[in-house]
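Novice: Residues per chain, in single letters:
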Amino acid sequence: MEYWKDQHEPITAFLKLFEKAKQDPELSEGLKKVNQLIWFDYTEDGPDCSFHVDCRNGNVLSSQGKPSEEPDLTMSLSADDAHRSWSNKLNPVMAITRRKIRVKGSATGLLKLAPKLKKVAIIYEQALNDLNFSDKILK
Amino acid sequence: MFGNTGKIIWADLSAGTAEHRTLPEQYYRNFIGGAGLAAKIFWEYGSFEAQPLAPESLLILMNGPFAGLKLSGCSRSAIAGRSPLTGHWGDSSCGGHFAPELRYSGFDGIVLQGKLEEPGIILIEDDEISVLPVREWWGMGVIETTALIGKKYGKKARSLVIGQAGENLVNYACIMNECHHAFGRAGYGAVMGSKNLKAIIVKSSAQRYFPADSDSLDSLRRELDAKITESVTSQVLHENGTAANLEGGVHIGDVPIKNFTSSFWEEMAEELTGSTLTEKYLTNKAACSFCKIACKRVVEIPEGPFSIPKGPGPEYETIAAFGSMLGSKDLAATCKAGRLCNDLGLDTITAGSTIAWAMEAFEKSALTVLETDGVELNWADMDTVIDVVLPQIAFRSSKLGELLSQGSLRAADMIGRGSSEWLTTAKGLEAPMHDPRGGGHGLALTYSISHRGACHTANPMLFMEMGACYYPEIGFEYELNPMSSEYKAESALLAVQIGAIENSSCFCQFADREIAIPEWVRLFNFAAGYDWTVEDMMSAGLRVFYLQRLLNYRFGIRASDDLVSKRLLDPSTDGAPEGVEIDFDCMKKRFYQLAKLDGTLGIPDRRTLENINLSSEANVVWQ
Ligand code: SF4
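Here the protein sequences come in this chain order: A and B.
Going by the numbering used here, the residue at position 3 of the first sequence is -15; the numbering climbs one at a time, nothing skipped.
Going by the numbering used here, the residue at position 293 of the second sequence is 533; the numbering climbs one at a time, nothing skipped.
Derived by calculation from the structure, the hints in this document are not laboratory data.
We put the CB at the ideal spot given by N, CA and C, even for glycine.
You may find that some hints are simply not true.
In the PhoX-like style, the derived pairs of lysine-lysine whose C-alpha atoms are separated by at most 20 angstroms in a straight line are [said to hold, decoys possible]:
1) K101/A with K121/A
2) K82/A with K467/B
3) K467/B with K532/B
4) K467/B with K86/A
5) K532/B with K15/A
6) K71/A with K15/A
Not close to chain A: a few residues of chain B, all C-beta gaps over 10 angstroms, as computed [what the hints assert, rightly or not]:
7) Y267
8) D366
9) C709
10) K806
Construct the entire structure; sequences and hints are all you get.
Specialist: Okay, structure coming up:
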């Protein structure tokens, strides 16, 4: 991994991102509209390197690991590409076309989030700062 | 011959006859089928003097080699000829159900020439072809005509039908299949109307398709169908149709607003996007023959001012053309306007864009109630658009209808007063609902160099800039930034070749995104037995692109015509592309160098043409 020292670091950062996103009214509304159980699978970088977000029924609940229920959508990629993606430095369409991101299930909900990616990147930067990961911020 | 049948129908409507003809196999290898083969047929047999609506003009409908194959995306065909809207060469693609049925009847295409003495139809029942009078159908809309065809010839009969717009020779009349699928662009409904031809009906008794290598083709077909069906793009299209990403498009500045005067309108984005259509009005999904993506919508609006019964729903282009382009965020109105255009037989892109131009002209007092017979053309006034403007255009029944039936470029010429400043065209064809300033600067280039005018389906530039293409085998590995001109000329050169392959093989641009270049080659070889390499296939694409330019050259088009309206290049004043300049001249200059086009004439030199097997064509243009 180019940006992370172990498989736990990225999950800590991404969970922090979602915790902060929930506090932001616009992003929280956007996430609720996704209305899916999503598994972000980075297990190619370690067995514990994944987390899930449950945006169903007006909630936004995020937690480490694979969800116990079958996810509506699974996105599999490397933790480094996930870092680029949350930093809005990776074109998700291009990454899917080039198989850097593998998608299983319906990606329709994610389209709702696409317009908010710029804002997600701002909050992600704040999350990295909060965790003293400022050196990881992509300029 | 494999895949193709080698046979076409040649109908001399003035004589009331239709005969079978065969085409040389070399035509197929060199020009693939569809739009490419139609171009070759016109080159050999067409009249460059005949006006588009004159009896002598040829209207050519061609399948590709895959029509009839049970694979998602294969059931399209191309229609081509001199366009009444632009005055030069053009073509249009249509999905639906006509293409496979024509192939099963034993034909690759139909060439129409002459004019029927009275309104009639062509009926194809396997290899029996009749030309029949239908005077009583003249004056009917597409919906009523299609229903009558179903009643008279059975539900399995497939048809191409024109509405009143075609009968009245509206320059952008379209041709409809099953009331849902359109040869939308460039006005070929008017050409059919000028020939007094109301419909072409085809009925086959068996599904005959004879490929070169059935076993290999069948296993490749299964592989590709699975790949196409499982792709993210397909799933998104299946769930929410072609407008699935309208909301995302608004945020990047791809969706035109009020005649391209604005690049951002957040409130409208959610109202018009595909998931809203699904939630509010969708009753069923529909598809072209054999397509598992099923991106087409069936909608019903039970109540309200724009209520419509269950039936074909709008695609992205229609939603944007009758929504954001007209300053409206009323989704129901876009559904009703789309349904009405289908019934009257009007291209929704040109209709919406021409009305948008007129609304801006009215706002700026370049068009007044004196020229509109008292009709006020105000942004978002969808009642007037639906109840007054569209019918008046289709029937050319008023001063306003007559003016707007010409399309925006001629209408601007007619009224003057600086209104050409507000055009959104290239070579006389109104731009589709993708704004180059936000959607991608390369679009400005490909709109300008497209043979038919501003068009997003002539080649896959839109998808390339979006990141949805990856063709390392032919050197397309660029990570394009939509809002820059970097690598756009290089990409455009590949795009025009791929686009020519797509439109000549008549493959749907949504479905074929998943097909890798080597898979394309195998598909051609297993279906048509061409023995092609990647290079052979790409050369065929380039050959078609060049031939289309040569046709335009003979219609008087030169390098200076490869332009887009100023409106599409002027920096946006809001949204994501605000203030960003498009370096159009630089992209065009580089493209001309790469494509070896003469900077004045707009065509390749003799040697380039000879090297790509266009020697006889070179002899004509380089005498
Ligand atoms: S994706 Fe849509 S337009 Fe293309 S073939 Fe399938 S149903 Fe037809």
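Novice: Straight-line Cα separation of K71/A and K15/A no greater than 20 angstroms?
Specialist: Between K71/A and K15/A the Cα gap is close to 24 angstroms, so the pair fails against 20 angstroms, i.e. violated.
Novice: Per the stated criterion, does the least C-beta distance between K806/B and chain A lie above 10 angstroms, as a non-interface residue requires?
Specialist: The assertion about K806/B holds, with a minimum of 29 angstroms to chain A.
Novice: Would the pair K467/B and K86/A pass a check requiring their Cα atoms to be no farther apart than 20 angstroms?
Specialist: 13 angstroms, holds
Novice: Are K82/A and K467/B close enough, with their CA atoms no more than 20 angstroms apart?
Specialist: Cα-Cα ~17 angstroms, so holds.
Novice: When you look at the beta carbon of C709/B, is every beta carbon of chain A farther off than 10 angstroms?
Specialist: 7 angstroms, violated
Novice: Checking one constraint from the list: CA of K532/B to CA of K15/A, max 20 angstroms. Satisfied?
Specialist: 27 angstroms, violated
Novice: Against chain A, does D366/B keep a CB gap of more than 10 angstroms to every residue?
Specialist: 43 angstroms, holds
Novice: Does the structure keep K467/B and K532/B at a Cα separation of 20 angstroms or less?
Specialist: With a Cα-Cα distance of about 11 angstroms, the restraint between K467/B and K532/B holds, given a limit of 20 angstroms.
Novice: Can we trust that Y267/B is non-interface, i.e. its beta-carbon lies farther than 10 angstroms from all of chain A?
Specialist: Its Cβ never comes within 10 angstroms of chain A, the nearest being 34 angstroms, so this holds.
Novice: Taken at face value, is the distance from the CA of K121/A to the CA of K101/A at most 20 angstroms?
Specialist: Roughly 15 angstroms between the alpha carbons, so the hint for K101/A and K121/A holds.
Violated hints for the displayed structure, listed by number in ascending order: 5, 6 and 9.
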